[in-house]
Amino acid sequence: MVESGGYVPGPADRLAGTAGEGRMRVTSPDFKSNAAQAMRDGGLQKALARTRPQFPARRAGAVAALPEFEALREEGRRIKDHTLAHLDFYLETFADRVQLAGGRVHWCADAAGARAAVLAICREAGARTVTKGKSMASEEIALNEHLAANGIEPVETDLGEYILQLRHEPPSHIIAPAFHLNREDWEESFRHAHSDLPADRVFAERRDIMAEARSRLRARFLAADVGITGANFLIAETGSSVIVTNEGNGDLTQTLPRVHIVLAGIEKIVPTIEDATALLRLLARSATGQEASVYTTFSTGARRTADPDGPAEYHVVLIDNGRSAMVGTPFQDMLRCIRCAACLNHCPVYATVGGHSYGWVYPGPMGSVLTPALIGIEQARHLPNASTFCGKCESVCPMKIPLPNMMRHWREREFERHLSPVAQRRNLALWAWLARRPALYRAATRAAMAALGLFGRRRGRFRRLPLAGGWTEGRDLPAPEGETFFARYARAQRRGAA
Amino acid sequence: MSREAILGAIRRGLRRSALPEDEAMALRARLDAHPRHLIPARTRQPRAALVAQFIERLEREFATCRRVPELALVPAAVADYLASQNLPPVLVMAPHPVLRALPWSGHPMLQLHEGAAAAGDVVSLQHGFAGIAETGTLMLPGGAARPTTLNLLCETEIVVLAASRIVGPYEEAWDLLRAEETAGGLLPRNVMLVTGPSRSADIESVLELGAHGPRRLHVVLVDDEPAARG
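Same order as they appear, the protein sequences are chains V and G.
Quick note on our numbering: the first sequence kicks off at 1 and runs consecutively.
Quick note on our numbering: the second sequence kicks off at 1 and runs consecutively.
With the rest of the complex left out, here is chain V (with noise of 0.2 Å):
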């Protein structure tokens, strides 16, 4: 952990220009409200209960096939942490090395930034239309809107990001878009934009909507003029790019098109492909509980002279957009992130409430840790509240990032600037006068413990409590037995004495 007592505030702290229309509209201000209609959301409460199980069985199932996972992790973090120190050095030896595989690298401080940068480029491409692999660092600079107001069409094409730009919705989870559509959302949305094709046909099976989405894309793909795809990692020796797919979509978008555009954050880097291989034991495991994905492809500049196939542009854009400000804060333990999703696919928050209610690009414990630092905490300043502390996420942290740890410090932030509601601001202070004051605070929780012991001891828990309404409105409160902790150790201690 970094710990810094000089924090200065950066611009992590300012709305970083992503805001604004589009699918990526930040309405993380609102997460009470949103969480509270995604509750009553019967279509998404349906996909949450039949998902919720699946990722942490499989991923137990990879940890358990490994023995040395535990250590793996351990390295992982050591591999990155020992990148984030030295971050401008190995950032300028990949710019070199992408220039001398014949690639160019663009560095881009903010979302504007990067683009104005993909849009020079396709423009200089003359493109018309673009596809693109999933991406979310493409969310979090919301391409594809920028795209589209400038005459390019982007066509996502990744199954989970295609059905999610027919029905024009952000992605609900950072690794499965989709993770919030049922089946017959699928069939409906297919059957309304693929309006050409009989409309008698029959989805049988899922295979069936896949195939169609395959043969739509196939078109796409051969006629696309740029391809858009992230970056799992960029290695520094060697100056390439990775990505990670099962569908094989990122493979076709990256090397079909004459122009391939790599969009990555500045923290994707990592020094070699050894290091880049340490990572990638944890990556799938973490995400799918898988021990390889389908598709790991390392894509080091322009397409070489002997070359039969291969785009003959090969750019990086290299995005900041707050993660710098992050450097060297209590939060840069956050830019270890692989983005495996493990966090969300254990967090109960998330499994209750789903991706859209937190309102950006990156839902889940680690959004809730990255969003205030990317977009500001005066937006965000409820996702590190959204979190029981239950410590899970941390705990399934490939890069063992203290996630709890760094909300809690989020919540520190709101408290000194003042942003928390009056109401509960007061409390908090209530609260504190009476914990320095030992004696009387015994004594009040004393009588508060024997009072709730006393009216709830018959049914053993509160369907309704003054001042807890919040609380109670979606659950029981247990009833305290109507002693203390305090009271109950002091005894065991005497008897322990005697």
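Simulated from the structure, these hints should not be mistaken for laboratory data.
Note that CB positions come from ideal geometry on N, CA and C, so glycine has one too.
Any given hint could be a false lead.
Claimed, not checked - Per the computed footprint, the stretches of chain G lying under chain V, defined by three or more beta-carbons under 8 Å from a beta-carbon of chain V, are:
(1) 11 to 20
(2) 33 to 40
(3) 77 to 91
(4) 148 to 160
(5) 189 to 201
Stated by the list, open to error - Between beta-carbon pairs, the in silico distance windows are:
(6) V:F389 <-> G:V98: 57 to 65 Å
(7) G:V122 <-> V:R50: 31 to 39 Å
(8) G:E70 <-> V:R123: 54 to 62 Å
(9) G:E70 <-> V:G126: 48 to 56 Å
(10) G:E21 <-> V:A116: 51 to 59 Å
(11) V:R417 <-> G:A41: 47 to 55 Å
What the hints assert, rightly or not - Selected chain V positions facing chain G (in silico; Cβ < 7 Å):
(12) F89
(13) A101
(14) W107
(15) C108
(16) A109
(17) R183
(18) R216
(19) N249
(20) D251
(21) L252
(22) V294
(23) R303
(24) F389
(25) L428
Assemble the complex: chain V is given as a structure, and chain G must be docked to it using the hints.
Below, chain G without anything else, positioned relative to chain V:
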């Protein structure tokens, strides 16, 4: 300029200026040495066990495998496979010397053409650079002799791999690649690590094969190494 602004912000966060030369040299030495990290014990096995592990993991990932005792039997294995899957005997083949030298003339019904794959091609024949037993993965670097599109565009991909090219961990495959395929100090433009046929679980988290890449991946494994036969 954004480059200087980003690097400057990182250095302010790290509370230092650009790295002094001696520290930069140490980092360059680390890049040149590219030290290995922890390698799973499952990759340390006798040759025969390693080959068996490669096949087992590859089949677990929904690929198929046929072992043949020598290279000369590859065309017959390819023809058999196509017939068994009711596929047309038409292949787009990697222009690799090993594949070119195979006795295709014994199978006149097989129609072969060389080069990159195009939209209408149904079956591709690729040359495997290495097999990684750790996860049942094929290493397929692109280049003049191994077009990348052969791994992507056809519904069925057949890969010819020599058993002597099966290694334990990923690191050993990268060592082979660094030794044999890094002309001018560059990696091949494209290096694919392929573990089974294309798939997706985006519809209700249920795995379905045949997303955008090949629906079938078949490996013809040539037993060119006595110790690997088992």
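Problem - Index of numbered hints that the structure contradicts, given in increasing order - result: 3, 10, 18, 24, 25
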